[in-house]
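J.: Chain A is already provided as a structure; the job is to place chain B on it using the hints.
Note that the protein sequences, when read in sequence, are chains A and B.
Count the first sequence with our numbering and you get residues 1 to 338, in order.
Count the second sequence with our numbering and you get residues 339 to 626, in order.
If you are wondering where the hints come from, they were derived from the structure by calculation, not from laboratory data.
Be aware that one or more of the hints could be misleading.
[As the list claims (entries may be wrong)] In silico EDC-like cross-links for lysine to aspartate or glutamate, where the CA-CA straight-line distance does not exceed 20 angstroms:
id, chain 1, residue 1, chain 2, residue 2
1, B, 527, B, 509
2, B, 429, A, 135
3, B, 603, A, 135
4, B, 603, A, 196
[To be verified] Footprint (simulated), chain A over chain B, 3 or more residues, beta carbon under 8 angstroms:
id, stretch
5, 345–354
6, 421–428
7, 434–445
8, 511–524
9, 577–591
10, 609–620
Cβ coordinates follow ideal geometry from the N, Cα and C atoms, glycine included.
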Amino acid sequence: MTTGTNSSRKAMGTAALLALAAVLPLAITEPSQQNFLILILMGAQMGVAWNIVGGYAGQVSLGHAVFYGIGAYSSTMLLTVLGLTPWIGALAGGLLAAVFALAMGWPCFRLKGHYFAMATIAVAEIMQILVTNSDFLEGAVGLYLPMDRSGWGWLIFLSKLPYYYVILGLLVLTVLVSWAIERSHIGYYFRAIKDEPEAARALGVSLTRYKLIALSVSAFLTAMGGSFYAQKEMFIDPGSVFAGTISIKIALIAILGGVGRLTGPVLGAVILITIEEYSRTLFGSTGSGTDMIIYAAMIILVAVFSPSGVLGLLGDLRRHLPGAKPAGGKTSAKEIRP
Amino acid sequence: MTADILIQVLVSGLLIGLIYALVAVGLTLIFGVMDIVNFAHGEFLMLGMYASFWAFALFAIDPIVALPLTALLLFAVGVIVYQTVIRRILKAPMLSQIFATFGLMILLRGLAQFFWKPDHRLIPHSLVSGNIALGPVQFGLPQFVAALGAVGVTGALWIFLHRTRLGTALEATAIDREAATLMGIDGQKMFALAWGIGAACAGLAGGLIATFFPIFPEVGSNFILIAFVVVVLGGFGSVTGAFLAGIIVGLIEVLGGFLIGPEYKTAIVLSLLLVVLLVRPRGLLGKA
Numbered sequence: 001m002t003t004g005t006n007s008s009r010k011a012m013g014t015a016a017l018l019a020l021a022a023v024l025p026l027a028i029t030e031p032s033q034q035n036f037l038i039l040i041l042m043g044a045q046m047g048v049a050w051n052i053v054g055g056y057a058g059q060v061s062l063g064h065a066v067f068y069g070i071g072a073y074s075s076t077m078l079l080t081v082l083g084l085t086p087w088i089g090a091l092a093g094g095l096l097a098a099v100f101a102l103a104m105g106w107p108c109f110r111l112k113g114h115y116f117a118m119a120t121i122a123v124a125e126i127m128q129i130l131v132t133n134s135d136f137l138e139g140a141v142g143l144y145l146p147m148d149r150s151g152w153g154w155l156i157f158l159s160k161l162p163y164y165y166v167i168l169g170l171l172v173l174t175v176l177v178s179w180a181i182e183r184s185h186i187g188y189y190f191r192a193i194k195d196e197p198e199a200a201r202a203l204g205v206s207l208t209r210y211k212l213i214a215l216s217v218s219a220f221l222t223a224m225g226g227s228f229y230a231q232k233e234m235f236i237d238p239g240s241v242f243a244g245t246i247s248i249k250i251a252l253i254a255i256l257g258g259v260g261r262l263t264g265p266v267l268g269a270v271i272l273i274t275i276e277e278y279s280r281t282l283f284g285s286t287g288s289g290t291d292m293i294i295y296a297a298m299i300i301l302v303a304v305f306s307p308s309g310v311l312g313l314l315g316d317l318r319r320h321l322p323g324a325k326p327a328g329g330k331t332s333a334k335e336i337r338p
Numbered sequence: 339m340t341a342d343i344l345i346q347v348l349v350s351g352l353l354i355g356l357i358y359a360l361v362a363v364g365l366t367l368i369f370g371v372m373d374i375v376n377f378a379h380g381e382f383l384m385l386g387m388y389a390s391f392w393a394f395a396l397f398a399i400d401p402i403v404a405l406p407l408t409a410l411l412l413f414a415v416g417v418i419v420y421q422t423v424i425r426r427i428l429k430a431p432m433l434s435q436i437f438a439t440f441g442l443m444i445l446l447r448g449l450a451q452f453f454w455k456p457d458h459r460l461i462p463h464s465l466v467s468g469n470i471a472l473g474p475v476q477f478g479l480p481q482f483v484a485a486l487g488a489v490g491v492t493g494a495l496w497i498f499l500h501r502t503r504l505g506t507a508l509e510a511t512a513i514d515r516e517a518a519t520l521m522g523i524d525g526q527k528m529f530a531l532a533w534g535i536g537a538a539c540a541g542l543a544g545g546l547i548a549t550f551f552p553i554f555p556e557v558g559s560n561f562i563l564i565a566f567v568v569v570v571l572g573g574f575g576s577v578t579g580a581f582l583a584g585i586i587v588g589l590i591e592v593l594g595g596f597l598i599g600p601e602y603k604t605a606i607v608l609s610l611l612l613v614v615l616l617v618r619p620r621g622l623l624g625k626a
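Next comes chain A alone, as it looks inside the complex (with noise of 0.2 angstroms):
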């Protein structure tokens, strides 16, 4: 595993990152830049949430958008009906998109490998045709947010730049939790699960008790990120929070770059968010569906010939590089194939 110093270079490389993060939008000042690096921000933040379920624990849920719905929805409600502000939104979203995935998870978990993720999927199809159809929720029509209110208060600003701190925040926090489980037992749990399930149940681990636990704590954070794009937009409907894309989009993250591993989704938002934009720009609209077939040519190449992502390819070529010492163990001997 990691050796000491491995570790504290890593940690200065963070900081180092962090750093650049903090000061980049003081030299990129043009607005529509500074969507794009919010853009990215984003989808890093999801990725990284959603692989905490799906890339340590290994239980690939292609629904993730019904997390990003419940989050979006709930804060948006809270403001519009309650005058509530969006920092207790936010969380009050979080917390209800945990107790879905709990009540989502466990019968859900009780299906392995591709059941699990098409029973996802169904539940995500399910929720959008239900908030589709509520007049409660404005159903097809969607929320605004009110136009009137802006500052810190209610996370509702003219300019980018504020945006860009809060994902920021909400990335780091998000890497954060992703951390922490990472280096405690339980991410060494999580990936018995994912690896060896039956020899994990063997030693007397829970599973159901930990897949939840994955699922939930990546509940919580996608439903943040949702409420983020709500503020951010200041406007949702099904079609845009709720939708088969945004889980999609949210999975493809995490998978291009890497799944079990922390920097992977953050690379893989780079790549895809990128790629995404460079397309619209230059095929116009978002009709042509270059940067889909791009990014599905990356997946493909990844699924076959590197399971642990761009990040996987790229550790394969350092290691084949002259002088370089053999990447640390982090790659499980099931992933390297001859």
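T.: Coordinates of chain B only, in the frame set by chain A:
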């Protein structure tokens, strides 16, 4: 009066259910033979629909006449997908297997969107159009022909699997890969065959519904969800189960939509998926 409406509802449920069955038999066949869930199966159906559309738009070949071509084309697509992608992930962790076919789904959707635009397309006047009236019950001729075709294809597949040497070899591979290999059956060939046939079935379903259903890049997404429900209800790997389950799902969808509201019909069918997964994960006719 009410009885008439009920019969009408049941007939339309039966007709669409037979199509669902055809989409699902290919999915269940692939799963049965090699334990891989093809998340891109709906995209095979989408490609079948586009094949029909272009045959019609470019060469004025009617979708019904073009069916053999559609089947052949999709068979080739299935085999190519197997040879280029699936063959390499047979022994990979399940996570990689899910990602690979999931990536394939997005890739095919993206390619369709890129080349053929996201517009909804229709085939305006096919050989089969208009309505049939049987007493008080009315239904569209295209739907009827599609359902008939679905029964024919599913029946042919059943006969192939149970009455021919090649089909029996495929079944044998599904039951026990190792033993089949010992009997001299080439597993790789059987896998490729399963993907070819599975894709051809989905393509045929696409060709059959192209006469009355809008054609667009994401058309597969709805069908794949329903096909999952059918496969799970019928029991993974069981062709007969998928056939029965397709009819049941079609009936439940239409009946549920009629009783509760058409906007909820997909939600009702998906709830069925959850119920079956939880109560009887092996479905009606699946292996324990």
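J.: Now look at each hint and say whether the structure bears it out.
T.: Now for the hints, and whether the structure bears them out:
The straight-line distance between the Cα atoms of residue 527 of chain B and residue 509 of chain B is roughly 13 angstroms, inside the 20 angstroms bound, and the hint therefore holds. Proposed proximity of residue 429 of chain B and residue 135 of chain A is contradicted: the alpha carbons are some 49 angstroms apart, above 20 angstroms. A threshold of 20 angstroms between alpha carbons decides the hint, and for residue 603 of chain B with residue 135 of chain A the separation of about 18 angstroms falls inside it, so the pair holds. With a C-alpha separation of about 39 angstroms, the suggested pairing of residue 603 of chain B with residue 196 of chain A is violated against the 20 angstroms cut-off.
Counting residues of the stretch 345–354 of chain B whose beta-carbon sits less than 8 angstroms from any beta-carbon of chain A gives 0, not enough to reach three: the coverage restraint is violated. Residue count for the stretch 421–428 of chain B with a Cβ under 8 angstroms from a Cβ of chain A: 3. That meets the three needed, and the coverage hint holds. With a threshold of 8 angstroms between beta carbons, the proposed coverage of the stretch 434–445 of chain B by chain A holds, since 11 of its residues qualify and at least three are required. Residues of the stretch 511–524 of chain B lying with their CB closer than 8 angstroms to a CB of chain A number 0, which falls below the three-residue condition for coverage.
Taking a C-beta to C-beta cut-off of 8 angstroms, the stretch 577–591 of chain B contributes 0 residues in contact with chain A, too few for the three needed, and the coverage statement is violated. Residues of the stretch 609–620 of chain B lying with their CB closer than 8 angstroms to a CB of chain A number 6, which satisfies the three-residue condition for coverage.
Figure legend: structure checked against the earlier numbered hints; hints not met, in rising order: 2, 4, 5, 8, 9.
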